[in-house]
Amino acid sequence: MKRLKLEKEKCLGCKLCAVVCSAYKEGAYRPSAARLDIQSHYENGGLVYDDRFCILCGICAKNCPEGAIVQEEYITVDHSKCVGCGTCLEKCPKNAPKIRDKKSYICDTCEGTPNCVRTCPQNALVFA
Amino acid sequence: MFGYTGKVLRINLSAGSCGVEPLRMDWADKYIGSKGLSIRYLYEELAPHTDPLSPENKLLLTTGPLTGTPIPCSGKLAVTSKSPATGTISDASIGGHIGAEIKFAGYDMVIIEGRAQDPSYILIDDDKVSVESADGIWGKGAYETEDLIKAKHGCDHSVLAIGPAGENLSTMACINTDYYRQAGRGGLGAVMGSKNVKAVAVRGTGAVDVPDIKKTTDRIIDILTSDVLVEDNTFVYDVGTTAFLEACNDGGILPSKNFSDTTDKDWVKYNGDVLMTYRQGKRGCGCCGLGCGNFLKFKGGTVEGPEYETISVAGPNAGVDDPESIMKYNEVADDMGLDTISAGDVIVWAMEMTEKGIHDFGIRFGEGEKMCDLLRMMAYREGFGADLADGVKKAAAKYGGSEYTLEVKGLEYPQYEPRGSWGMSLSYAVSDRGACHMRAYAPNVEVFEAAAPPYTAEGKGEMVYQLAEFNAVKFSACICDFWATLDYAILSELLTLVTGKEWTEQDMSDTGRRVINIARAFNQREGFSRKEDTIPKRLVKEALASGPAKGQKIPKEAFDDMLDQYYGVMGWDKNGLMPDELISSLM
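Chains A and B supply the protein sequences, listed in that same order. Sequential numbering from -10 applies to the first sequence in our numbering. Sequential numbering from 108 applies to the second sequence in our numbering.
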């Protein structure tokens, strides 16, 4: 199974991935609603990376009390079943799901051709 | 509304109030955003002869319609005010993510006016705006300030911060974000300090809307691939502006020892190849793509940079060839919140004063380690640092040695020696904020591309105008200088895609001219005219002793000729003054 991976040494922390994700998934440039967050910042003199994206570990699907999350080649969330309880977010080791308006939003890898990977200017994000 | 949020956040620190008002779209149509739009606002809102460090001055944080979109190199913000260094208008472009956060918080512009009663910082979290106490933060260096605010409010906030230099009202004080990105020039950090504002922290969760998101995004990504990530631009990623060191040295425009000469045979000791061996990581501003930031770790510390300007002033211009000394200078200047260019020019001038016996500042050429001591003295106004903290022009007025100062209107020279690129002396002279290399970058034409002869006045008025027009509109659309292949066709296409309003290439040209004029109109109202569009004495009197431009100096008649040409191109009179009808057309 192909998964998203971040090669930190190439990452500029430019957040283009989140802006592009929100464009294709939310219809507006709204990175706060993106299905991944990758940023870096300086802290105590060092460069710190904070990355939040789905690694397809499947923990969310196994733990969803409503059976709303299914993992095959990628994650799908059935919003007719999802009640936004937040269990997926609570259990996720990468803090990846976004809960808003009582629904969970999880990366679906753009169904196998992730736009974040396609547009990453320094190829820091890979799908392999 | 497309591109813009249509909203301005106005914070009055004296009254302790804030409010949201509609953006003047009639002005946005004429000035786009960022540089041009903020100057138009200040032309309207600042009474003539406002003291730059008084509560009556205002500090504007202005995005553009492209801010927050995936457009490459759009991660900038214009910080604009009346400059305490020059008394002119002064807009400085700062990178990082603060521009996008302001936009996502819902504002095209933030206007900060008045003065807080006590040391404070401003917290903007979407529509929640507060002025918080800076107890425990005031007095700290710029890096720690950012750390403390992010620790308290979360690292998803972008922070503008000043160092001790801004608090102590040095006219060379800058504003920092992301540790190492600066609104560097013109003392805007002192304006912030004068308002008792240590920092501005912003987080936004909103959106920027465009008419057709798929078409716009697809086209932007196409441009990213076909026009941005191409060989003419990607040196920015590989070595950044350190590449200019070799080009300037080879072209005879790398200043050495306080602009007393050019070229340095030892430049390979501290060039990009050497500096990149210290590299630990890469950084770029919002949606940049190119990533000019090089995070370096060395024995004495860490820094992102140094950029060409800092290398030059802390290296050859100071007679220093130790890369770690240059990196340390950069690290300390940023933390103190001092513009590396202006502070460096003051220090190298002090070195020459000592060498020439005019005044003993206790520092001589080559003494790199002492440069950091002087930075601290200036930031805290200790000893003679108190006099140096207000720039080289005022320092020379007190200590003598004005024939060895390099400044225009009180703003110190950037690191491009005009005797090897005569057009640059005109560019520095007519720049809206004093000696600035970002207004019209003459060496690119005269030296790097060798597309115009460097040692002549002929044609330089038109050449500098063309360069200035392009930069004026580019910075009003809020695009970074490093997108070197950008042209009016792409810029107008992007503005059209994002705003839904038709922008043409002619509009780009007209807007550029209008932006130059509104800045000039502001300065003219403050009393500026030809007499302040000056060339430093050294460039007229002393011929260069070595390098490719050996023997060159700029005759006063040649400089005057260039000024006449430029004024002619702009439709200004012989005194550099604008006719009333031209000013009226800008309103």
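Take the hints with a grain of salt, since some may be wrong.
Stated by the list, open to error - Simulated pairs of lysine-lysine, DSSO-like, Cα-Cα distance not exceeding 27 angstroms: (1) B:LYS404 to B:LYS372; (2) B:LYS259 to A:LYS80; (3) B:LYS463 to B:LYS657; (4) A:LYS(-9) to B:LYS648; (5) A:LYS87 to B:LYS608; (6) A:LYS(-3) to B:LYS463; (7) B:LYS608 to A:LYS14.
FYI, nobody ran anything at the bench for these hints, they're computed from the structure. None of these values were measured; they are calculated from a predicted model.
Against the structure, the hints:
{"no.": "1", "hint": "B:LYS404 to B:LYS372", "in the structure": "holds, 26 angstroms"}
{"no.": "2", "hint": "B:LYS259 to A:LYS80", "in the structure": "holds, 26 angstroms"}
{"no.": "3", "hint": "B:LYS463 to B:LYS657", "in the structure": "holds, 22 angstroms"}
{"no.": "4", "hint": "A:LYS(-9) to B:LYS648", "in the structure": "violated, 68 angstroms"}
{"no.": "5", "hint": "A:LYS87 to B:LYS608", "in the structure": "violated, 34 angstroms"}
{"no.": "6", "hint": "A:LYS(-3) to B:LYS463", "in the structure": "violated, 51 angstroms"}
{"no.": "7", "hint": "B:LYS608 to A:LYS14", "in the structure": "holds, 25 angstroms"}
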